[in-house]
Each structure stands twice: as structure tokens, then as C-alpha cells.
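*Asks:* The chain contents come next:
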Amino acid sequence: MINTYRVKLAFSSFFLMLNLVASAQTSKLQEDKELELVNFSSVKKVLQKDGLSESAFQKKQQVAILKKEQINLDHLRYNYPPEDEMWGFISEYWLVKNAPILGWDFEKPDYGLDYSFKTTLQKMGFVQKKFKILLINNPVMVRAALPGSNGDIILLMSVPFIRALDLSKLEISLLFLEDYLRLEAGYFKNNVGTQKLKNLAGTSFQGAKPDMSILEELLKNYTNQINSKGYTFQQQFETTKKMDVFLKSQPELWNVYFHLLQKLNNYFKANVQYKDYVKLYPSPEMQIKWISPDEKVL
Amino acid sequence: MILILLLSSFLSFAETTSTDEKVVGIFYMQPLFGHVHQSSVSTSASLTTIQCAHPVKVIESSKVSAYPEWAYVQVADYRGFILKQYLSEKKPDCFQGKYPKFFDNLNLDLSELYYWGRLYDQYIQGETRVQ
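Listed in order, the protein sequences are those of chains A and B. Counted from 1, the first sequence has number 109 at position 124 by my numbering; the numbering is strictly sequential. For my numbering, count along the second sequence from 1 and bump the result up by 173.
It cannot be assumed that every hint is accurate.
Stated by the list, open to error - Straight-line distance between alpha carbons at most 20 angstroms, and here's what the computed EDC-like set of lysine to aspartate or glutamate pairs gives:
| # | chain 1 | residue 1 | chain 2 | residue 2 |
| --- | --- | --- | --- | --- |
| 1 | B | Lys271 | A | Asp196 |
| 2 | B | Lys271 | A | Glu68 |
| 3 | B | Lys274 | A | Asp69 |
| 4 | B | Lys274 | A | Glu68 |
| 5 | A | Lys194 | B | Asp277 |
| 6 | A | Lys93 | B | Asp294 |
| 7 | A | Lys174 | A | Glu223 |
| 8 | A | Lys103 | B | Asp250 |
| 9 | A | Lys114 | B | Glu285 |
| 10 | A | Lys108 | A | Glu54 |
| 11 | B | Lys230 | B | Asp250 |
| 12 | A | Lys183 | A | Glu169 |
| 13 | A | Lys82 | B | Glu262 |
| 14 | B | Lys274 | A | Glu54 |
| 15 | A | Lys82 | B | Glu300 |
| 16 | A | Lys154 | B | Glu233 |
| 17 | A | Lys115 | B | Asp294 |
| 18 | B | Lys274 | A | Asp99 |
| 19 | B | Lys271 | A | Glu156 |
| 20 | B | Lys257 | B | Glu194 |
| 21 | A | Lys205 | B | Asp266 |
| 22 | A | Lys115 | B | Glu300 |
| 23 | A | Lys214 | A | Glu156 |
| 24 | A | Lys115 | B | Asp266 |
| 25 | B | Lys271 | A | Glu169 |
| 26 | B | Lys257 | B | Glu285 |
| 27 | B | Lys274 | A | Glu169 |
| 28 | A | Lys181 | A | Asp151 |
| 29 | A | Lys93 | B | Glu194 |
| 30 | B | Lys230 | B | Glu262 |
| 31 | A | Lys115 | A | Asp137 |
| 32 | B | Lys257 | A | Asp99 |
| 33 | A | Lys248 | A | Glu156 |
| 34 | A | Lys82 | B | Glu285 |
| 35 | A | Lys114 | A | Asp99 |
| 36 | B | Lys271 | A | Asp69 |
As the list claims (entries may be wrong) - Derived Cβ-Cβ restraints for the label pairs, each shown as a range:
| # | chain 1 | residue 1 | chain 2 | residue 2 | range |
| --- | --- | --- | --- | --- | --- |
| 37 | B | Glu262 | A | Gln55 | 19 to 29 angstroms |
| 38 | B | Ala226 | A | Gln55 | 15 to 25 angstroms |
| 39 | A | Ser234 | B | Ser212 | 44 to 54 angstroms |
| 40 | B | Leu279 | A | Glu237 | 26 to 36 angstroms |
For the record, the hints were derived by calculation from the structure and aren't laboratory data. All residues carry an ideal CB built from backbone N, CA and C; glycine is no exception.
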């Protein structure tokens, strides 16, 4: 009995050994196969057949494009804004910096100026024009037009001035139209712009600190232009003549404009408080002469 | 007892579903800076100042009355009003987003941020069209 048990045990251990040897042989074969698979030359044909090498190449190209775009984007982050975007930004920055002096943050009556000025512009044929009106609570600074972003325009008007002259919304709109024509002619940008702005706008300052004196100079020029420098006789003459041409097609508006200039002229002569106005916008008296119809000598 | 429990749970469910508030959607601030106002008047107090591209949750509620040109919004913990014309459905291309390094160097202080927001409250805006 014990002998038969020993024989059975011997047989089973023999088969076990055989199995182990066989399994060892098969695992070796599998490793070989894996090695063959890693060998690119042997799978190259298969990959080409599946179009995998082509898609891998395309992916490589996409990654290269994305990397290039990322570098470009990083580069753009260090750019000065281009000139057209810079003007609108500086105008608002100047308004923010001078908010306490200009006193524009106050409760004001609704004069209906948006509708009135829009109608006046449309009558003159100016379409697709965006404007922002900012009423200020400052008796000294009467009016100004600043370049806005993307070609729009920021118009400033003093409420104490409106009240002092008892201006109607049509009269205010005509003053805005004058300001609009002056700005469109580029006088403001020519008077205020600097060489630094032209040189730096739209360029990159990567690897260096941005030259913020570009803004300081412009802010100073804005203040100087609006409070002291104003416009030349030639610029005023051209603007007034343009107003004359535009308003002649609307005689009722031309009459309002003519009477408005007379009103301004009389008021400024009688009130020394606004003596600087005629230096900044020379001058209602001259403007009347420039647009007055020639007297016929019989 | 079970009946009371069922009834109370049903009532609490009814309470949550019958709320009259509705989230209209997420919008983005368009101007450089803007204020979330306490009421739907541009001269009302500012609850907080947000900058361009800041997401704003617009809420519709029968309990809140506002002028039609104003949106009732939630920004962080604040609930207030923003002019609808300053909200955009799409994320806007902001100045500070396009030129971040230049903008950072301005080092705007708090009063400047406040005034920049107020500027957009005070603007009277218009656009001419083809008649």
C-alpha cells in the first residue's frame, strides 16, 4: 500500500516537473515575441498599413504649431497696446486721474442729450458712430472731445456752463458736433501725441520693464491741451467752415448755430470767468465773421 | 406617526421647489471696470467693483423689482444690479487680458478702480444708425 503511494507520488512530481519546464519554455517564447514587437522595423509595415505613422507625424506637427502659438501668445502678453487702442485707454485713464478736479461723478439731470446728439449726427449723414457723453461739474473746464476706443468719441461738457448760458439740447448738440469735427480732423491727436507713442505702440517689451513714461507724457499733454493749449486759429477756421458746409443743408440748424455763436460771444465778453475759453477755442467773434454771409453792395 | 413624517417631508420639498428665483445664466462684465450696485440706479452705492470678463450670475426673481435696463446679479456673496448693456454672453476680449504685463505696471490704486467703474455709470452713450 505504501509502495503504490510512493509510485503515485513519484509520477505526480515527475509530471509537475514536466509542466514547469514546458511553461518556462512558453514564457521565453512570449518574451521573444515582445522583443520582436519592440523592434520597429518589424512593425513599420503594419504601422504604415494602418496609417498610424502618418497620424503620429500629424500629431507631432500639431504639437509644434501649438508650441509656436503658445510662444506667440506669451510674446503678445508683453506688448504695448497698439495706437488705436492706446488712445481710448489713455482718455479714460486721464478722466479717472482727474475725476476729483473735473467732478464728473455727480447726480445730474437727464437732458436727453443722447437722443438729441444722435439725431443731429444722423441729420448730417454720420452713421455707425459711437459716442459717450460725460457731463462735468466744473465751471472752468467748459468742453472737450477725447478719442475713445475703436474710433468712438468721448464728449465732455460742463453743467455749470450749460446752466450759465441756458443752453438748449440742440445748442449743446451743435457744440458737440463742432467738437466731433475737430476730433475727426485729428487736431487733438496731433497736438497731444508723442514720438514715444508712435515708436512704442504695438511693440514688445519682453525681457525688459515697460516704459511707463509713455503714459505720463501723454497725461501731461492731455491736461495741457484741454486746459491751456487749445486749438489754433487755423484749426478753428477749418472746423467752423466745415460746420458751415454741413449745416447749410439744414437751414434751421444753421440759424441755431449762428445764434449760438452770438450768444457765446456776448457771454464771454461780459464774463471774465470764461476769459480762457476764447484762447482755447478762438474765437466766437471770429467764427461769426467766418460764416457770416457776404454783404451785398448795391 | 408615519403619515406626519411623510407630510412634513412633502411640505419641505414643496418649499424648495416653489422658490421664485431663476438663474438666467452666466454673463461677463464688458467694461474695463464696473460696479455691482445696491439698487437699479447708477448713482446708488457700490457693493463691489469687478473688472472686465468677470463672470456674473444673472438672476430672475419676482421678489426683486428693477428698471428694465438693469440686471439683478450675484457676484460672490453680493447680490445687486448691473446695467444690462455692460453684460455679455460671451467672454469679452478685455484690454487687461490682451496687454496684462502693461496693465499690471499701471499699479492702479483702489480709488482709481472705483472711479473707473463710476465712469461707466456716468457715461451717456449713443450710436448713430442708418435711417
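*Asks:* Now tell me if each hint is right for this structure.
*Replies:* These are the hints, each one checked on the structure:
A distance of roughly 18 angstroms separates the Cα atoms of Lys271 of chain B and Asp196 of chain A; the hinted pair therefore holds under the 20 angstroms criterion. Proposed proximity of Lys271 of chain B and Glu68 of chain A is supported: the alpha carbons are some 14 angstroms apart, at most 20 angstroms. At most 20 angstroms may separate the alpha-carbon atoms for a hinted pair to count; Lys274 of chain B and Asp69 of chain A meet this at roughly 18 angstroms. About 17 angstroms separates the Cα atoms of Lys274 of chain B and Glu68 of chain A, which keeps this hinted pair within 20 angstroms; it holds.
Under the criterion of a C-alpha separation no larger than 20 angstroms, the hint pairing Lys194 of chain A with Asp277 of chain B is consistent with the structure, at around 11 angstroms. The hinted pair formed by Lys93 of chain A and Asp294 of chain B meets the criterion: a straight-line CA distance of about 12 angstroms does not exceed 20 angstroms. Simply put, Lys174 of chain A and Glu223 of chain A have alpha-carbon atoms about 16 angstroms apart, close enough for the 20 angstroms limit, and the pair holds. This hinted pair does not check out: Lys103 of chain A and Asp250 of chain B have alpha carbons roughly 39 angstroms apart, beyond 20 angstroms.
For the proposed pair Lys114 of chain A and Glu285 of chain B, the alpha carbon gap of about 28 angstroms is over 20 angstroms, so the pair is violated. A C-alpha spacing of about 47 angstroms is found between Lys108 of chain A and Glu54 of chain A, which places the hinted pair above 20 angstroms, so the restraint is violated. Taking the CA atoms of Lys230 of chain B and Asp250 of chain B, the gap is about 11 angstroms. The hint holds against a cut of 20 angstroms. Only pairs whose Cα atoms come within 20 angstroms are accepted, and Lys183 of chain A paired with Glu169 of chain A is accepted, the gap being roughly 19 angstroms.
Distance hint between Lys82 of chain A and Glu262 of chain B is unfulfilled; the C-alpha atoms sit about 31 angstroms from each other, more than 20 angstroms. In summary, the hint linking Lys274 of chain B to Glu54 of chain A is supported, as the alpha carbons are separated by about 18 angstroms, within the 20 angstroms threshold. Annotation: proposed proximity of Lys82 of chain A to Glu300 of chain B is violated, straight-line Cα distance about 26 angstroms (limit 20 angstroms). In summary, the hint linking Lys154 of chain A to Glu233 of chain B is not supported, as the alpha carbons are separated by about 37 angstroms, beyond the 20 angstroms threshold.
A C-alpha spacing of about 17 angstroms is found between Lys115 of chain A and Asp294 of chain B, which places the hinted pair at or below 20 angstroms, so the restraint holds. Distance restraint check for Lys274 of chain B and Asp99 of chain A: the Cα-Cα separation of roughly 36 angstroms exceeds the 20 angstroms cut-off, and the hinted pair is therefore not satisfied. Distance check on the hinted pair: Lys271 of chain B and Glu156 of chain A sit about 40 angstroms apart at the alpha-carbon level, beyond 20 angstroms; violated. For the proposed pair Lys257 of chain B and Glu194 of chain B, the alpha carbon gap of about 18 angstroms is at most 20 angstroms, so the pair holds.
As the CA atoms of Lys205 of chain A and Asp266 of chain B are separated by approximately 29 angstroms, the hinted pair breaks the 20 angstroms bound. In summary, the hint linking Lys115 of chain A to Glu300 of chain B is supported, as the alpha carbons are separated by about 4 angstroms, within the 20 angstroms threshold. Distance check on the hinted pair: Lys214 of chain A and Glu156 of chain A sit about 25 angstroms apart at the alpha-carbon level, beyond 20 angstroms; violated. A threshold of 20 angstroms between alpha carbons decides the hint, and for Lys115 of chain A with Asp266 of chain B the separation of about 19 angstroms falls inside it, so the pair holds.
Taken as a hint, the Lys271 of chain B and Glu169 of chain A pair is broken in the structure, with Cα atoms around 27 angstroms apart against an allowance of 20 angstroms. Restraint check for Lys257 of chain B and Glu285 of chain B: not satisfied, since their Cα atoms lie roughly 23 angstroms apart, outside the 20 angstroms limit. A distance of roughly 31 angstroms separates the Cα atoms of Lys274 of chain B and Glu169 of chain A; the hinted pair therefore is violated under the 20 angstroms criterion. Pair hint Lys181 of chain A plus Asp151 of chain A does not hold up; C-alpha atoms about 43 angstroms apart against a cutoff of 20 angstroms.
The suggested pairing of Lys93 of chain A with Glu194 of chain B is violated, with an alpha-carbon distance near 34 angstroms, which exceeds 20 angstroms. Between Lys230 of chain B and Glu262 of chain B, the direct Cα distance comes to roughly 11 angstroms. Compliance with the 20 angstroms bound is thereby established for this hinted pair. A C-alpha spacing of about 5 angstroms is found between Lys115 of chain A and Asp137 of chain A, which places the hinted pair at or below 20 angstroms, so the restraint holds. Simply put, Lys257 of chain B and Asp99 of chain A have alpha-carbon atoms about 18 angstroms apart, close enough for the 20 angstroms limit, and the pair holds.
For the hint pairing Lys248 of chain A with Glu156 of chain A, the CA-to-CA distance comes to about 10 angstroms; that is within 20 angstroms, so the pair holds. Straight-line distance between C-alpha atoms of Lys82 of chain A and Glu285 of chain B comes to about 7 angstroms, which keeps the hinted pair within the 20 angstroms bound. Between the alpha carbons of Lys114 of chain A and Asp99 of chain A the distance comes to roughly 12 angstroms, so the proposed pair stays at or under 20 angstroms and holds. In summary, the hint linking Lys271 of chain B to Asp69 of chain A is supported, as the alpha carbons are separated by about 14 angstroms, within the 20 angstroms threshold.
Remark: the range hint 19 to 29 angstroms for Glu262 of chain B to Gln55 of chain A is upheld by a beta-carbon distance near 28 angstroms. Separated by about 20 angstroms at the C-beta atoms, Ala226 of chain B and Gln55 of chain A satisfy the suggested range of 15 to 25 angstroms. For the hinted restraint 44 to 54 angstroms between Ser234 of chain A and Ser212 of chain B, the CB-CB distance of approximately 45 angstroms keeps it satisfied. Checked against the hint of 26 to 36 angstroms, the C-beta distance between Leu279 of chain B and Glu237 of chain A comes to roughly 47 angstroms, which is inconsistent with it.
Hint compliance for this structure: hints 8, 9, 10, 13, 15, 16, 18, 19, 21, 23, 25, 26, 27, 28, 29, 40 are broken, all remaining hints hold.
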